[in-house]
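Work out the full structure: start from the sequences and follow the hints.
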Amino acid sequence: MQNQVISKKDLAGFVDELIKSKAAGEVIGIKTQGNKFNFGSLKSAAELRLDYDISLLPPKKYFFPQTETVLKYEAGANPRVEPVVEEKSMCIIGVHPFDIRGILLFDAVYGGNNPDPNYFLKRNNTVIIGVDCLKPNPKAFAASMGTAATDEGFDLMLTDIGDSYFVTVGTTKGENLLKKHAKAKDAKGGDLEKRDKARNDALKNYKVSLKMKPEEIPALLDANWESKVFHDKSETCFSCGSCVMVCPTCVCFDVQDDMALSLKGGERYRRWDGCMLTEFAKVASGENFREHKEQRFRHRMYRKGKYLVERYKYLGCVGCGRCATHCLAEIASPAETFNLIKEAK
Amino acid sequence: MVMQLTPKQSIHLPRIATVARVDTLSNREKVFEFRFDDGKELGQKPGQFVELSIFGVGEAPISVTSSPTQKGYFELAVRATGGVTNKLHTLEKGAKVGIRGPFGNGFPIETLKGKDILFVAGGIGLFPLRSLINYVLDNRKDFGEVTTLFGCRSPLERLFIGQLEEWNTCKDMSFLETVDTCQDDSWKGNVGVITTLFPKVHFNPVKTYAIVVGPPIMYRFVIAECIKKGLADDHIIMSLERRMKCGVGKCGHCQINGLYVCQEGPVFTYAQVKSLKEAV
Amino acid sequence: MKPRVAFFDFTGCEGCQLEVLNFNLEIVDLIGAVDIVEFREASSDHSEEYDIAFIEGSQTTQKDVERVQKIREKAGILVALGACSCTGGVNALKNRFPMEENLKVVYGDAAKYYTTIPTRPTSAYVKVDVHLHGCPPNRNEVISLVKCLLTGKKFELCHNPVCVECKLAENVCAFERGEFCLGPVTRGGCNAVCVTAGRKCWGCRAPVDEPNINSEKELLAKYGLTVDDVLNQFKLFNGALEVSK
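Those protein sequence lines, which keep their order, are chains A, U and B.
Read in order, the letters of the first sequence are residues 1 to 345 in our numbering.
Read in order, the letters of the second sequence are residues 1 to 280 in our numbering.
Read in order, the letters of the third sequence are residues 1 to 245 in our numbering.
Bear in mind the hints are in silico, worked out from the structure with no lab data behind them.
Source: prediction; values computed, not measured.
Do not rely on the hints blindly, as some may be mistaken.
Just the calculated beta-carbon pair ranges, DEER-fashion [stated by the list, open to error]: (1) Lys93(U) x Thr115(B): 58 to 64 Å; (2) Pro3(B) x Ala20(U): 45 to 51 Å; (3) Asn139(U) x Asn176(A): 40 to 46 Å; (4) Lys20(A) x Asp229(B): 35 to 41 Å; (5) Phe221(U) x Ala344(A): 34 to 40 Å.
Every beta carbon over 10 Å from chain A, so not counted as near; a handful from chain B, in silico [what the hints assert, rightly or not]: (6) Thr116; (7) Leu150; (8) Glu170.
Just a few of them, taken from the derived set where beta-carbon distance is under 7 Å, the chain A residues facing chain U [claimed, not checked]: (9) Thr69; (10) Tyr73; (11) Asn288; (12) Glu291; (13) Tyr312; (14) Tyr314.
Using N, Cα and C, we set each Cβ at its ideal position, and we do this for glycine too.
Next comes the structure, spelled out in structure tokens:
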């Protein structure tokens with residue numbers, strides 16, 4: 001597959017064409033929200049902002065909505081139950097490489113032995129047009145996590161090389177969309193170097209870094225279960241769940257029933273849940289297996305640094321900086337905790 | 001990554017089952033016999049659990065108490081503690097529920113074949129263990145010596161009393177029972193916590209597996225007794241309780257360290273549990 | 001038989017009852033599911049027979065206390081509806097001043113005809129089975145409680161701080177907008193309605209089970225506020241609660 005170059009003007013044309021033709025379903029992209037950025041439905045290419053740092057919520061919300069009905073039932077003497085699975089085609093424009101890594105983890109979690117149709121009937125019909133993050137968030141540390149770039153998980157990947165975007169083609173689906181709807185040209189000698197230079201320069205813009213190789217985190221955690229860092233850091237935790245709600249690798253959910261007032265039937269839905277919330281590990285008998293905020297804080301750090309990567313091969317933290325940005329107590333950054341543990345040794 | 005799926009494969013979709021029989025076990029526990037409306041078997045292994053749905057209330061993980069050797073139906077013994085289980089206790093014969101599963105690994109039957117077995121059940125820990133005890137009794141020739149210890153808080157909390165009497169007189173298995181305390185003289189048997197039964201049992205630790213199920217506090221003391229008797233860590237097998245919400249390794253609620261109880265558990269060896277800081 | 005529901009109003013703005021009336025189409029379903037036997041804002045019916053009593057407003061006179069105690073005797077389930085009943089709410093602001101002064105300011109020369117007592121939550125006088133927090137309470141939570149009462153399911157209050165719903169709603173954090181917000185220590189269940197509307201959380205739904213008050217004080221201090229500012233903010237809705245002391 002031949003990589004391409006597209007002028008900024010022609011990229012806008014491509015986006016408008018995708019919106020108009022609905023060739024890849026609903027077009028979603030990065031827009032401003034207040035003084036922040038977030039993913040939303042695009043009405044025109046003019047709304048699209050590819051020079052952003054992070055979105056408020058990661059793009060996982062399109063495959064794994066905040067609240068999602070999964071069953072409908074009629075109650076009573078002869079209950080009838082049927083699955084509710086929303087199927088959707090979309091094209092998401094402007095996904096950063098670290099967020100793509102988050103999606104790859106999601107694919108592994110929601111696939112596996114018990115694949116989840118609610119996830120895959122949205123995910124399978126999604127075109128991902130990524131964009132390299134050249135202006136990272138001040139709390140981000142993707143460079144040192146090795147997640148600032150990715151060679152998988154996208155159909156097309158854009159890199160700002162000045163007047164135009166370098167387009168790394170990831171799939172035939174992406175290539176065909178480009179051929180049919182965009183005025184792009186084959187990349188020529190020098191273009192690839194421009195892309196790589198842009199990517200390399202961006203690495204220098206990361207202000208926070210993990211002071212070890214990411215592969216070393218599991219062993220570091222293995223040796224430091226009793227570390228005082230977990231206690232000290234969690235002292236100011238609000239147990240507010242912000243860190244887990246905004247995380248591109250937090251996959252957990254709660255399941256609840258909602259019965260209609262007529263009592264004739266209702267719905268079962270799932271909603272984002274997270275291990276930093278007080279009730280997460282509580283069982284019906286009242287026992288709470290992670291009663292203290294220190295236990296919850298440690299569990300989250302182990303999930304980010306060890307459990308997920310050991311189970312699914314993809315890192316449980318992609319260094320996007322969202323948790324650190326949203327945490328009012330300023331304790332959520334995994335890099336900071338891992339660094340502190342290492343320094344304390 | 002493309003995974004071709006249809007809505008019918010929903011991980012949340014239960015099968016409808018009907019309550020065929022309800023028996024009261026004590027003031028807080030009942031046992032329910034279920035039959036699937038499509039006539040199929042549950043196909044569980046002893047030690048596995050199901051997700052029980054009561055539509056409008058929710059879902060709860062419940063271990064299966066009947067042995068797969070009993071065909072045509074399965075039983076769930078349930079203490080009324082949460083929303084779903086309290087509602088279940090109000091259901092009568094003919095009521096319909098949803099069932100997903102069976103889930104989890106179950107007890108390692110192949111490992112246990114030809115071995116001596118020491119069952120240790122505390123309180124409602126008897127519910128999951130009963131599936132294996134009955135399985136072993138129904139396939140008696142496949143196993144060596146079998147001993148069962150059962151302890152509960154008071155004579156009023158004894159469960160499956162008819163079955164306990166059967167086990168007490170059954171020649172295929174030695175059976176010892178105790179209650180923690182008894183205020184009156186209604187109880188003629190042993191009094192004291194379950195570990196007080198240990199001096200009364202003798203087994204060859206090399207060819208014996210202990211299978212222990214009970215409340216979290218019981219594990220620490222029973223495991224110590226097992227080790228004192230010379231059992232190796234991987235010969236002590238236990239079943240752990242967590243909040244298995246989805247049953248299929250997605251929702252994250254049942255994690256013990258890096259393991260999902262609904263996937264790698266609920267049955268673990270003490271050798272595994274020892275390396276898990278969050279287990280007991 | 002359908003459960004009989006009664007609404008009783010005490011000291012408050014009656015906005016909680018108004019919120020119930022605002023259910024739109026769901027009010028029709030609600031009327032189908034329960035018998036509303038007492039609801040001053042919507043009906044002239046009166047009844048002495050009821051299963052579920054919703055208490056709106058706080059008790060600010062000795063007569064109020066006796067009345068709520070009588071209601072408690074008759075009600076199978078007693079629900080504190082809204083901030084005034086749950087925590088004392090805005091009414092508890094008067095607790096900062098001597099009661100005689102309050103009477104004088106409000107009634108002037110007529111003060112001698114009135115009495116008043118410090119505002120306390122309804123639970124200070126009678127056993128409250130369910131607290132439906134908020135100023136006003138969240139209508140979905142009210143409906144959800146009724147559903148639970150009808151189905152026998154246990155009603156669970158939201159245990160999470162407002163931040164959870166605020167993140168789910170994709171709001172820009174109020175702190176990021178330069179506001180100081182009580183969301184991190186306040187019980188959710190409101191869908192973060194105030195922050196979503198561009199405001200901040202004032203804590204009308206009372207603190208979560210384990211509020212990290214020290215951390216909130218540190219946080220507000222970081223935003224240049226004094227301990228008094230912080231306490232004043234807490235006390236707007238939670239003046240009668242221990243946590244704001």
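Consistency of the hints with the structure:
1. Look at lysine 93(U) against threonine 115(B): about 60 Å separates their beta carbons, and that is inside 58 to 64 Å.
2. Restraint check, proline 3(B) to alanine 20(U): a C-beta distance of roughly 32 Å breaks the suggested window 45 to 51 Å.
3. Distance hint check: the CB atoms of asparagine 139(U) and asparagine 176(A) are about 60 Å apart, inconsistent with the given range 40 to 46 Å.
4. In this structure, lysine 20(A) and aspartate 229(B) break the distance hint of 35 to 41 Å, their C-beta atoms being roughly 53 Å apart.
5. The hinted window of 34 to 40 Å between phenylalanine 221(U) and alanine 344(A) holds, with their beta carbons roughly 35 Å apart.
6. Remark: the non-interface label on threonine 116(B) is consistent with the geometry, its nearest Cβ contact in chain A lying 37 Å away (cut-off 10 Å).
7. Not every C-beta of chain A lies more than 10 Å from that of leucine 150(B), the closest at about 6 Å, which undercuts listing it as non-interface.
8. Chain A draws glutamate 170(B) into its interface by the beta-carbon criterion, the shortest separation being 5 Å against a cut-off of 10 Å.
9. Hint status for threonine 69(A): violated, given a least beta-carbon distance of 10 Å to chain U, over 7 Å.
10. The interface hint given for tyrosine 73(A) is met, as the beta carbon of that residue sits about 5 Å from the closest beta carbon of chain U, less than 7 Å.
11. Evaluation of the asparagine 288(A) hint against chain U yields a violated restraint, the C-beta minimum of about 10 Å exceeding 7 Å.
12. Hint status for glutamate 291(A) relative to chain U: violated, with the closest Cβ pair at about 12 Å, above 7 Å.
13. Taken as an interface hint, tyrosine 312(A) does not check out: its beta carbon lies about 11 Å from the nearest beta carbon of chain U, beyond 7 Å.
14. Violation of the interface hint for tyrosine 314(A) is found here, the shortest Cβ-Cβ separation to chain U being roughly 12 Å, above the 7 Å cut-off.
Violation of the numbered hints given earlier is confined to hints 2, 3, 4, 7, 8, 9, 11, 12, 13, 14; the remaining hints are satisfied by the structure.
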